[in-house]
Every structure is written in C-alpha cells, then in structure tokens.
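Novice: Letter by letter, the chains look like this.
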Amino acid sequence: MPGRDRHMSLSLCLLWTLTLLFANACSLSLFPGYHPQPDTRTVAPVSWFQPDSGHLLFNTKIDLMKKHFSGLMVVQPDSGSAYRVVFLTEVGLKIFDLEFLPDRQVKVHYVLEAINRKTLIHTLSGDISLVLMNGLSLTEPEILGHKDGRDVIFRYRNGKERNYYYVSESTDKPYQARQTGCVTNKVRAEFYGKPATGLDSIKIKHDNLRLSIELYRIIEIEYVAE
Amino acid sequence: MTIKLRLIMPLACALFFLKVPAQVPDTPMKDIAGFKEKLVTMSSRVNTIESDFVQVKNLSVLANKITSRGNFCYRKENNIRWEYLQPYRYLIIISNGKIFIKEDKSQKQYDIQSNKMFQEMNKFISGCIQGDILKNDKEFRVEYFEDDKNYFVSLVPHAEKMREMLNEVQIWFSRNDLTVSRITMIEAGGDYTKIEFTNKKLNTDIPLEKFSFK
Numbered sequence: 055m056p057g058r059d060r061h062m063s064l065s066l067c068l069l070w071t072l073t074l075l076f077a078n079a080c081s082l083s084l085f086p087g088y089h090p091q092p093d094t095r096t097v098a099p100v101s102w103f104q105p106d107s108g109h110l111l112f113n114t115k116i117d118l119m120k121k122h123f124s125g126l127m128v129v130q131p132d133s134g135s136a137y138r139v140v141f142l143t144e145v146g147l148k149i150f151d152l153e154f155l156p157d158r159q160v161k162v163h164y165v166l167e168a169i170n171r172k173t174l175i176h177t178l179s180g181d182i183s184l185v186l187m188n189g190l191s192l193t194e195p196e197i198l199g200h201k202d203g204r205d206v207i208f209r210y211r212n213g214k215e216r217n218y219y220y221v222s223e224s225t226d227k228p229y230q231a232r233q234t235g236c237v238t239n240k241v242r243a244e245f246y247g248k249p250a251t252g253l254d255s256i257k258i259k260h261d262n263l264r265l266s267i268e269l270y271r272i273i274e275i276e277y278v279a280e
Numbered sequence: 002m003t004i005k006l007r008l009i010m011p012l013a014c015a016l017f018f019l020k021v022p023a024q025v026p027d028t029p030m031k032d033i034a035g036f037k038e039k040l041v042t043m044s045s046r047v048n049t050i051e052s053d054f055v056q057v058k059n060l061s062v063l064a065n066k067i068t069s070r071g072n073f074c075y076r077k078e079n080n081i082r083w084e085y086l087q088p089y090r091y092l093i094i095i096s097n098g099k100i101f102i103k104e105d106k107s108q109k110q111y112d113i114q115s116n117k118m119f120q121e122m123n124k125f126i127s128g129c130i131q132g133d134i135l136k137n138d139k140e141f142r143v144e145y146f147e148d149d150k151n152y153f154v155s156l157v158p159h160a161e162k163m164r165e166m167l168n169e170v171q172i173w174f175s176r177n178d179l180t181v182s183r184i185t186m187i188e189a190g191g192d193y194t195k196i197e198f199t200n201k202k203l204n205t206d207i208p209l210e211k212f213s214f215k
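Those sequence lines, one after another, are chains A and B. Every letter in the first sequence is one number past the one before it in the working numbering, and letter 70, counting from 1, is 124. Every letter in the second sequence is one number past the one before it in the working numbering, and letter 20, counting from 1, is 21.
If you are wondering where the hints come from, they were derived from the structure by calculation, not from laboratory data. Note that the structure is predicted; figures quoted are calculated from it, not measured. One should not assume that every hint holds.
Listed next, the stretches of chain B that the computed footprint assigns to chain A, with coverage defined by at least 3 CB atoms under 8 angstroms from CB atoms of chain A [to be verified]: (1) 33–40; (2) 75–89; (3) 98–109; (4) 162–170; (5) 182–193.
Virtual Cβ for every residue (Gly too), placed ideally from N, Cα, C.
Input sequences plus hints: build the corresponding full structure.
Specialist: Have a look at this one:
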C-alpha cells in the first residue's frame with residue numbers, strides 16, 4: 055500500500071509539473087522572442103472604432119471553406135462602449151445585425167435564416183469583437199515586449215482565450231490582433247490605416263478553419279437627408 | 002382652443018420628426034383595370050430601358066443613410082444590367098438564364114435555376130419592369146393608390162417567413178410613361194431600401210454586348 059501511495063504521489067507530481075510546463079508554454083511559446091516586461095507604457099491600446107465617430111462602411115469579402123460571400127459591413131459605435139454591426143448585400147438586403155455590448159455580450163438583432171447557424175454566428179461575432187476591441191476595459195492587460203524591437207504586445211485574458219494586440223511605438227492603435235486558445239493560435243487580424251486618416255482595411259484569417267474576412271473601407275461621397 | 006393646441010402640438014411635432022420612408026399616396030386608385038391595361042400596353046411597346054439610380058439604405062441604428070449610385074439597363078427579353086458605380090463598384094447582369102456578378106477583382110457566373118434566391122431576384126426585377134409582379138396575388142397582397150404624379154402599388158407578402166425579411170414592397174409608376182420611378186423595400190423592423198430611377202430613356206439602342214459576361 056505505501057508503494058501504491060508513493061506511486062500515486064509521483065504521478066500527481068508529474069501531472070502538476072506537466073500542467074505547469076504546459077500552462078507556461080501556452081502563453082509564450084506561441085510568441086517566440088516576446089517576454090513579459092515591466093510596465094513601460096501606461097496607456098492601453100485604443101480601438102480604431104471610436105465612440106460617437108459616426109458609422110464606418112466597409113466593402114466586405116468573406117471566404118468560408120470554398121464559398122465566397124461579399125457585401126457591405128456597417129460599424130456604428132455608440133456614445134458608450136457598445137457597437138452595432140450590420141452586414142448587408144450590395145443591393146441592401148440585410149444579412150445580420152449584431153450589437154456588441156460593453157460586457158462582451160453579443161445581442162443578435164437579426165440573422166438571415168439561410169446563415170442562421172449558431173457556430174457561424176459565434177465565430178463571426180468573435181472575429182468582429184476582436185477587431186472592435188470591445189469589453190477590453192474589463193480586464194487589465196499584461197504587457198509583453200520583444201528583445202529586438204520596441205513594439206509592445208498587450209495581452210488580455212478572457213476565460214480560456216487570450217487576445218493579443220500589437221502596438222508600435224509611434225501610435226496607440228494596434229496594427230495586429232491575435233486570439234489564441236490554450237495551445238493554438240485561433241485567429242489573427244491585421245489593421246491597415248493611419249492615425250490621421252483612420253482605418254483603411256482589416257484582414258482577418260483563421261489558423262484552424264478555412265475562414266478569412268477582408269474589410270476595405272468605403273469613403274462615402276455624401277449623406278442624404280430626407 | 003388652448004386645450005386643442007396642447008393636444009395637437011405634440012402630435013404635430015411627433016409627425017414632423019417621425020422618420021418614415023417617404024410620403025406615400027393614400028388615395029385608392031380609381032381605375033385599377035385601366036392602370037393594368039396601360040401597363041401591359043407600355044410593356045409591349047418598350048424594348049429597352051436605360052436609367053440612372055440612387056439607392057438609399059436607411060438603418061434605424063445609423064444617424065446617416067447609406068447612399069449608392071449606379072446605372073440600370075434592360076433589354077427585352079429578360080436582359081438586365083444593374084451596376085453600382087459610387088461609392089463602390091458592383092455589377093450584376095442577368096441574361097439567358099444566367100446571372101453574372103462582378104466585384105472589385107473577382108467575377109462569378111451562376112445558373113439562375115441553381116439558386117432559389119437568384120430565381121426570386123430575377124422574377125422580382127423583371128416582374129417590376131414588365132408589370133407581372135402585379136399579377137402575383139398568390140405571393141403578395143396587392144393594393145393600388147394614386148396621386149397626381151404617380152401610380153403607387155403596395156405589395157405585402159402573404160408568407161410569414163418572407164415578411165420576416167421583407168415586410169412590404171412599394172412601387173411608384175410614373176403617370177407620364179408608366180415606367181417604375183421608385184421602389185422601396187421595407188424590412189420587418191422598419192429599415193428600408195429606397196431606389197429612385199432618374200434620367201430614364203426608353204427604346205434607345207442598347208447593344209447586347211452590355212449584357213455579356215466579360
């Protein structure tokens with residue numbers, strides 16, 4: 055019996071060691087070269103979508119498996135920290151209408167029946183949420199730095215997921231965002247734009263799923279008042 | 002008098018600020034059969050239509066509407082070219098039972114019969130041009146109105162599933178030439194898409210190449 059206890063203790067010890075190694079590997083092995091660094095920046099990254107900035111319109115292309123969809127994505131930040139995102143076809147037919155609340159909840163206002171699949175809406179809303187950066191103020195980010203450069207990564211923990219925002223020294227807006235699960239990269243988003251002129255485009259690509267989303271900003275020529 | 006004003010003013014203010022797609026004629030059409038007959042005659046005489054259009058998308062969540070402009074061509078039988086030029090480019094051609102879609106860099110071609118949505122889209126667009134949509138009382142409740150400039154037709158889908166997507170389609174026919182001058186598609190929540198046709202030219206020579214998939 056004592057031998058059996060010892061054997062169990064050893065197994066538990068080994069399990070804990072593996073768990074600790076595994077947990078540690080989770081956080082940094084996905085980002086080789088980066089290491090936690092003392093808080094040199096006090097300002098957290100800022101979303102490209104500012105409250106009360108009016109709506110932004112994007113020409114949107116979605117490639118899911120072998121299927122291609124295109125349409126217009128409208129992003130309307132409200133005066134608080136919520137966002138309304140509506141996806142339409144070019145001819146005006148509404149595909150989905152989602153509201154991203156400050157507490158990270160997503161309220162579905164409308165989804166066209168043909169695409170009303172829980173997993174699809176969950177994935178799309180997760181991707182949109184990553185680029186909107188909504189609900190980030192709920193957690194304090196950890197700051198990672200790279201030994202070769204001055205760019206900083208802000209890591210936000212959200213349950214099993216981690217959101218990473220890459221920010222260069224010259225700006226407070228991210229040029230890349232990544233979401234990881236425990237052991238794998240899930241999705242990455244690249245932001246293109248300039249602080250002065252705002253966002254130009256966003257490219258989102260999944261690592262484990264054949265899904266990519268591209269958003270190209272449309273500069274509207276006029277507003278019509280009726 | 003004061004009491005009346007107190008009652009009327011808030012109502013008047015509410016009506017003034019109420020956002021509705023546009024004022025719609027509410028006088029019931031006197032001669033529906035005559036209107037339909039004129040529409041059939043017009044349809045038989047018109048071989049081509051060319052027009053510019055302005056599409057306004059109103060979403061209740063947005064302070065401003067989304068406006069796009071483009072060009073529309075129709076040539077008998079069933080050749081339709083619908084092209085957005087501003088602020089984005091997008092082209093749809095329906096011809097010979099096929100639908101062709103061209104975006105910025107990519108283009109695709111489909112058989113209309115392969116997709117129910119394309120079938121409905123084709124039926125709807127050509128139905129509006131040729132007036133066939135008014136005969137479709139199986140799918141829509143059709144109501145007729147008029148004012149001094151337009152004939153106005155309201156189509157409300159019978160099917161509840163369809164109404165979840167599209168609550169009502171309003172079509173304005175110009176009294177002058179019986180062509181469609183405006184289409185408004187109202188969604189269940191009140192959001193709507195209004196398409197206004199301007200610079201209409203009838204029976205001009207539109208080459209078939211305009212409807213070829215290149």
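Novice: Now tell me if each hint is right for this structure.
Specialist: The hints, checked one at a time:
Given a C-beta distance limit of less than 8 angstroms, the hint that chain A covers the stretch 33–40 of chain B is violated, as 0 residues qualify and 3 are needed. Coverage of the stretch 75–89 of chain B by chain A holds in this model, with 5 residues showing a Cβ closer than 8 angstroms to a Cβ of that chain against a need of three. Three residues within the 8 angstroms Cβ limit are the bar, and the stretch 98–109 of chain B against chain A gives 4, so the coverage statement holds. Closer than 8 angstroms: that is the beta-carbon criterion, and the stretch 162–170 of chain B has 3 residues meeting it against chain A, so the requirement of 3 holds.
With a threshold of 8 angstroms between beta carbons, the proposed coverage of the stretch 182–193 of chain B by chain A holds, since 4 of its residues qualify and at least three are required.
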